[in-house]
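*Asks:* We have chain A; now place chains B and C onto it with these hints.
Protein chains in written order, with our numbering: chain A, 1 to 368; chain B, 1 to 368; chain C, 1 to 368.
Hints in this document: simulated from the structure, not taken from any laboratory. Predicted model, so just to flag it, every value in this text is computed and none were measured. Please note: incorrect hints may appear among the correct ones.
Any copy will do: because identical chains look the same in the list, a pair fits if it lies in one copy or spans two.
[Said to hold, decoys possible] Derived pair list, reagent style DSS-like, types lysine-lysine, alpha-carbon separation capped at 25 Å:
no.	residue 1	residue 2
1	K27	K85
2	K98	K217
3	K79	K182
4	K345	K253
5	K345	K217
6	K323	K306
7	K323	K85
8	K314	K79
9	K220	K352
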Amino acid sequence: MAHKDGIFLMNCWYVAAWSHDLIDGRKLARTLLEVPVVLYRGDSGRVVALDNRCCHRAAPLDLGRIEGDCLRCMYHGMKFDPSGKCIEIPGQERVPPKLGVRSYPVVERDGIVWIWMGDEDQADPAKIVDFPAMRDPAWRGIPDYMHYDANWMLIVDNLSDFAHLAFVHTNTLGGSEEYAYKTKPVAIERLEDGFRVERWHLDSDPPPYHRKVIPNKTDKVDRKNIGHMQIPGMFFLYTTFAPAGSGLKDGNKEGARSYCNCQFMTPETRRSTHFFWNYLHDFDLDDPNIARSLRNSIEEGFMEDKAFIEGQQKLLDADPEFKMLAIGADAALSHFRWVFDERVKAEQQAAKSAAQPMAMPMSQRATA
Amino acid sequence: MAHKDGIFLMNCWYVAAWSHDLIDGRKLARTLLEVPVVLYRGDSGRVVALDNRCCHRAAPLDLGRIEGDCLRCMYHGMKFDPSGKCIEIPGQERVPPKLGVRSYPVVERDGIVWIWMGDEDQADPAKIVDFPAMRDPAWRGIPDYMHYDANWMLIVDNLSDFAHLAFVHTNTLGGSEEYAYKTKPVAIERLEDGFRVERWHLDSDPPPYHRKVIPNKTDKVDRKNIGHMQIPGMFFLYTTFAPAGSGLKDGNKEGARSYCNCQFMTPETRRSTHFFWNYLHDFDLDDPNIARSLRNSIEEGFMEDKAFIEGQQKLLDADPEFKMLAIGADAALSHFRWVFDERVKAEQQAAKSAAQPMAMPMSQRATA
Amino acid sequence: MAHKDGIFLMNCWYVAAWSHDLIDGRKLARTLLEVPVVLYRGDSGRVVALDNRCCHRAAPLDLGRIEGDCLRCMYHGMKFDPSGKCIEIPGQERVPPKLGVRSYPVVERDGIVWIWMGDEDQADPAKIVDFPAMRDPAWRGIPDYMHYDANWMLIVDNLSDFAHLAFVHTNTLGGSEEYAYKTKPVAIERLEDGFRVERWHLDSDPPPYHRKVIPNKTDKVDRKNIGHMQIPGMFFLYTTFAPAGSGLKDGNKEGARSYCNCQFMTPETRRSTHFFWNYLHDFDLDDPNIARSLRNSIEEGFMEDKAFIEGQQKLLDADPEFKMLAIGADAALSHFRWVFDERVKAEQQAAKSAAQPMAMPMSQRATA
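Looking at chain A on its own, in the form it has when it is part of the complex (with noise of 0.2 Å):
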């Protein structure tokens, strides 16, 4: 994996796949970091994660079969535990105890399989993030996933810049050009993980998104953001729209609607993403409809960001000798692009010191 290094950061919790992506059997192929694993359910209902290559001739895992928590690769019979060990080898009797395949720990939680692609001894399920909504009944909405032929720290920035919104979004979630035009940008708040960003809009048009939701689609609203961009690729935004005027600064919240939106970003490659979101709402949760709303409002304007952060990939790819410029607006990306880059240079110097290499599949041990 020497060729990896120092583009994915590996110590870290990343969204592998909804929950539901594990229904009826599924053996799911996704390619993490540049790595190909195999996701599926154990007969326990446990989450297992695989390489999904055999270690005996390469054969992908996904192809096998179920058998309890354990995977059977179909083309020569391997057998494989959750650990990856692999159990039984048809008509030989003998099986090398460190043969096998690696395993990648995996939790699942409030509907989200995670999983850690780096060093196994640091995954500490306590580092994995919470987010709340995805288990409260309070809150509605429709787990989704897009794939984006970028690399994710393009949409890392583009969700880290509300400049864009103006201009990109303005039929969609909503943004003013004019406001744009005359205002300073929103301050962030500065953090180890990423940054935090507040934002007020006061006595404004409610955006099309959360006006085809609520029944007073005139009626001048405040609004209050609050986003969190963490490492690696997690984006969270609380938004409520309160009356105009009815002391939503001041902590009333009669009247008021929230959203909760939960964005995470996994690369599959350097070039490529999957990108995991789920928007939910508190209001009228007896209406199934408010859900499907807002899933077809954002994936709207996700797919109108699509076209600029693919279309960047491509003259990326082109030229890699250019340079990006950084304007104002950009504290917030160059931030987290430096933190993160910190992050990973701390890893690289890590494993550097350790003696051991950091990620060596079980495969390449039994075989030393």
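*Replies:* Just chains B and C now, with coordinates in the frame of chain A:
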């Protein structure tokens, strides 16, 4: 752009588009000489060509918005004037004076948009080749476009070589195998910027494309062809048919019908080409079907060539060590390749001698 | 061809095509061992194989015209005889005596077109493997073809290994998982040019493909399999079914039904393979549906393999550092890969020792 050294001739005018490619506010994304360019017509009517890559974060500018003669990037709202200079950054008072994208000199003439991809200081409109038939009401034609998955020089080779007519185009543009076997290749006039060739066929059958648009389809004709191939890849062909024996060689044009054909090859990349062409005629000008018929016939002929030319490109890609051989019929193309290479070498030499690199994008200057 | 050193075995006969691929004057463009070749049947009936690239300007010769046993390039009319020698250049009296394209020794036998891609002097037809069933009226089958996006050796591996039958082909070609778990891998006979394997199943159910074409579908059978894998990648499988207990092992063939199966793997590139096969039978020869049914059954089985084999290729491409492991069942394929590698090494050594390079195309000789 160092990797393109010696591949393209930079300091010359290329056809970038037909004027009609820019109607209805279209922002045309077109890669020229491996540079992504966006072309658009400003509100004043002026055609502008800019790098199709925002200097900020590489967003494609063809997703932008025309404002007057300027173009605004619709990702974060940076606005560029026709010279490429950035004149507005939303939410930021100061715009660095040298910030911007590269603009390319453009001249629109007779329905053709010419572009200069090299050193701006040398972009003299007087160097643009004149093709008066394009503006002369005595001529009528339909400008058209094809895309080739092949290096432009393979198309130049094709057009430089009358020998292929007999084999490739017997049933479309015409050409006689029998004649090909018994005659010597026609002599060319070697020019500094290409070559000129004159060819006569006396008392012969009209070729298929001509036969389709004339009343007396079986009468023998005398035919005069004058071809002119010019650097960097422009071919002009003047053809006159007259009744056999009517004295065309002595200057008698009674009963003569003439064609005027321009073909412009502009490299998209070293492996693909924009091919612009117009086959004009000077007779029966009130019948629009003549131009349509000719357009179809010529395109049919080009498609016959395309199979060979794109086949050559694939075979050359598969084995970069293959060396082409020259035969007697290759005098024209050999001369053309030679004068072209000399021009490229001279350009390279001049660039090396100059104190400043030739083609430094404005955006890089801004950050230097 | 230096970059192909050590990849392919050059000095051996490969299957280039079935005879029926060349009906109706077809000029078959087929890449063999990464060399673009054109195959055609001349008017005399003789099959000719030439480089599918004109020595003049790299035009594809499969766009050419068969004239007698010669092929004329239809770009500029150069004509090549079956030895590859150029014998006519239109408009040019003198043809350089050594000008031409490379031709490849070809032998057509029993419906198979064999080609020799290596040193012409060593191309001895006596080295062609004989498969008499192809010409014997006591056998009937349908020759067929599949294309694999995988290195040929992965297909050889697959066919070398009976262990996979139980897991991949339970419902098509047959194979019992239960049996696979409790038995040792079958012993092979190591040969200098591959291996031979003999396998018996007594008193067992007929496998699905056999059951489809016999009347007594549930009667137990005794089954004998003899497989023979030969360099460079040819597999012959002789299978006989007889009523259980009828004495097949003692030579009694009453009530026996036999199959004769040939499979030829010819590298297209190092990542793709031409796969030729014919599954012949010796019973009910007047019923054409037997051969059709077998063809369908076997193809269904091959498609099961293809998913694994092409999956392996993708995973190997994604991580060139992956090393396969051998298990007990791999004795056959391990031996075959070893004897194959020895042959390639010997060939390399011989080529280095020789004064002249092995495979210099005629066109290069002509210009040297």
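*Asks:* Does each hint hold? Answer for all of them.
*Replies:* Hint check results:
1. In this assembly of identical chains, the alpha carbons of K27 and K85 lie at most 25 Å apart only when taken from the same copy (18 Å versus 53 Å across copies).
2. Taking the shortest Cα distances, K98 and K217 never come within 25 Å of each other, neither inside one copy (64 Å) nor across copies (45 Å).
3. In this assembly of identical chains, the alpha carbons of K79 and K182 lie at most 25 Å apart only when taken from different copies (15 Å versus 64 Å within one copy).
4. For the identical chains of this complex, K345 and K253 are neighbours neither inside a copy (44 Å) nor across copies (74 Å), given an alpha-carbon limit of 25 Å.
5. Taking the closest pair of Cα atoms, K345 and K217 never come within 25 Å of each other, the shortest separation being 49 Å inside a single copy and 67 Å across copies.
6. In the homo-oligomer, the alpha carbons of K323 and K306 lie at most 25 Å apart inside one protomer (21 Å), although the nearest pairing across protomers, at 38 Å, exceeds that limit.
7. In this assembly of identical chains, the alpha carbons of K323 and K85 lie at most 25 Å apart only when taken from different copies (17 Å versus 46 Å within one copy).
8. For the homomeric pair K314 and K79, the shortest alpha-carbon distance between copies (22 Å) is at most 25 Å, but the shortest distance inside one copy (42 Å) is not.
9. In this assembly of identical chains, the alpha carbons of K220 and K352 never lie at most 25 Å apart, being 57 Å within a copy and 64 Å across copies at closest.
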